[in-house]
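Construct the complete structure from the given sequences, taking the supplied hints into account.
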Amino acid sequence: MNGPQFAMTAFVVTWLTASLRLAGPVLLAALGETFAEQSGVLNIGIEGTILLGALTSFLVSFYTGMIWPSLLAALLVGIAANMILAWMYVTVRASQVVAGLVFNVLALGVASAVYRKALGNSAVPESIAMFQPLHIPFLGNLPVIGPVLFGQTILFYLTIALAFVAHFVLFRTNFGLALRASGENPAAADSAGISVYRMRYAGTLISGAAAGMAGGYLVLAQVGLFRESIVSGQGFIALGIVIFGRWNPLKATVAAMVFGACDALQLSLQIFGTHVPPQLLLALPYIVTILAISGLFGGKAVQPAALMAPYIKD
Amino acid sequence: MAKLFERRLTPSDSPIAIFATTAAAFLTAMLVTAFLFLSYGASPFQAYFALFHEPFGTLRGFGYSLVRTSPLALIALGTIVSWRSGFSYLGFEGCFVIGASATAWLALLTAPGARIGPIPFFLFLPLAIFVGFVAAGLWAGLVGFVRARLGGNEVLISLMSNYVAIFILQYLVSGPMRAPGSLPETRILPRATWLPFILPGTRAHAGILIAIAAAALVWMLLEKMPLGYELIVTGFNAAAARYAGIDVGRRIMLAAFFAGGLGGLAGMVEELGSQHRLMDGINGGVGFVGIVVALLARLNPVAVIPTALLYGGMSVGADAMQRRASIPSSITFILQSLAVLLVLAFDALRYYKINFSVFSRGAPPTATEEASK
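Protein sequence lines, in the order shown, are assigned to chains H and C.
Position 274 of the first sequence, counted from 1, bears residue number 300 in the numbering used here, the numbering being contiguous throughout.
Position 141 of the second sequence, counted from 1, bears residue number 142 in the numbering used here, the numbering being contiguous throughout.
Hints were generated in silico from the structure; no laboratory data involved.
Each hint should be verified, as a subset may be incorrect.
Not close to chain C: a few residues of chain H, all C-beta gaps over 12 angstroms, as computed [as the list claims (entries may be wrong)]:
| # | residue |
| --- | --- |
| 1 | A44 |
| 2 | L160 |
| 3 | I220 |
| 4 | L276 |
| 5 | L291 |
| 6 | K339 |
The calculated lysine-lysine pairs, modelled on DSS-like cross-linking and capped at a C-alpha distance of 25 angstroms, are [said to hold, decoys possible]:
| # | chain 1 | residue 1 | chain 2 | residue 2 |
| --- | --- | --- | --- | --- |
| 7 | C | K354 | C | K4 |
| 8 | H | K339 | C | K354 |
| 9 | C | K225 | H | K339 |
Bear in mind the structure is a predicted one, so any value in this text is a computation, not a measurement.
Idealized CB from N, CA, C, for every residue including glycine.
In structure tokens, the structure reads:
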């Protein structure tokens, strides 16, 4: 293999490996959000929930050094925080955009206050226990696809598995049918004996659990420390991925990979030294998401019909 | 038998009921936050004293409060114009950045020896307002176009556009507009382009006057002008508006342009009044707190200035509190957002009415009892 070809292969391998690595947390959050939106709730609060999940898993990992309990704690905090959101969305029937947006400000305040309370202004401890990439024998040694597909952390494979589970639950079970009915035509669902309120609570709490876990994923498998800017819009990107993926978990998986590829391109090009301004590359995933959800490529027709519309049972 | 709390069919919309529920929500938020102060080992009374004394009890602090109020109020006004027109725009962080960048670019052009050269302030100011307004107006108008003509979801697109705007700012201050030196920032803007200071001995600048004028104009637009009426009808019921002959798509794009422009003015005011140079991080969440201010003011332009003053003042007080009592200033984020969430939740209370008559003997039958007879 000659020089340029070797460099090209190295570039592709680092790029694709980073693509899948970066796609993981957003995909996990997007899978949960799909449930919320299919039930008729646009949960913008996942941005704040991811932040709370990230903080929780960081603190638990910092104090106990155990990674699985840290992930579980993030999941539980996600559910608890989204209990409040579900109450606002479903019971109070507040505007979903308003409640979610203000919740994100609240979550930022809580995360930053708790972080300072817990660690004071001491130097940032960087050594928390983290998930390490797996080394799968034989498969991991394959050229190119070995490191790309079989050198990720266990959380990545878990997320991919959850995508299939989510797809099955949404489209092949009674629960999924009831959930989608609540988002499509709540009045009809109600007269068919489905509790729309309960379904929307379920959808919101599932998205909370996934977003909390996504925060844990971010800290425990990617960053290894906590800062207030750790999420920086990844929750919003997950919302875009849900639309890009047409409210379908498997298509969302593909959408998340596309997003991850844009995000990783910036990292790889920087390593290999180019003259493109880094900000343009950093903005790329956001621009791609904007284009994907702009309606240029259709998509309005498959949106849950009652999305963002509070349901009043009379 | 009359009940103490009786459920109404529609929420009471009397000013007293609205004010009472808002006040109750705010007091509850303060009560919750008081426990947070306790957890930091601080006396809630002293903490609240510090939070409100610095911004409203000292001249210097009041000046800083006015500095923080102007951009918040302008962004809140932009929120009101867009949201009441049924356009749920959330991209004010981006508009702020675009407005600030455009203004700084113009101001640097008027530096001695630059492309334009010094011009008198009375000519510069209208030009700066125009440039800041139009640049951010077009930025937001683009989202309006996507929503009106392509049917895209403006909530998510505007959220994403914030990040794109911030990357544009980072590019400008690290590349084309960067001043020689180690930090990615521009030169200091020429002194002649600064907004005049209006309170001797403080940093308060004329931006607050611009904000007050904008509030009056937005009030006039929405309450007194046919165009404002059409915008509000579009927001209430787009189908009815279309039936009445209103070009809904064009109204939405116009609302987006106005809203973005107001967000751009916020950036202009901050740039010319207080920052005096362009650098990364000037936005710092003001685009979202401004939306929160608009919500607490219940999308009413008249209530925006006092509400923005309250929130601007609280952020000044929070910084003082962090310096003196080492309570993290982020606690005010909690207080500010909790207040709005509770206002939303407490709105449910307006469905109930209190029958004081149950306390007197021989209470008259209530309306529902009368009807059921």
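Hints, one by one, checked against the model:
1. A44: holds (19 angstroms)
2. L160: L160(H) clear of chain C: closest Cβ-Cβ about 32 angstroms, beyond 12 angstroms.
3. I220: holds (24 angstroms)
4. L276: Non-interface label on L276(H) holds, nearest chain C Cβ at 21 angstroms vs cutoff 12 angstroms.
5. L291: Non-interface label stands for L291(H): nearest chain C Cβ at 15 angstroms, farther than 12 angstroms.
6. K339: At roughly 15 angstroms from the nearest Cβ of chain C, K339(H) sits farther out than 12 angstroms, so the non-interface label holds.
7. K354(C) <-> K4(C): holds (10 angstroms)
8. K339(H) <-> K354(C): With Cα atoms ~22 angstroms apart, K339(H) and K354(C) stay inside 25 angstroms; holds.
9. K225(C) <-> K339(H): Answer violated: K225(C) to K339(H) is near 38 angstroms, above 25 angstroms.
This entry does not satisfy hint 9, going by the numbered hints stated previously; all others are met.
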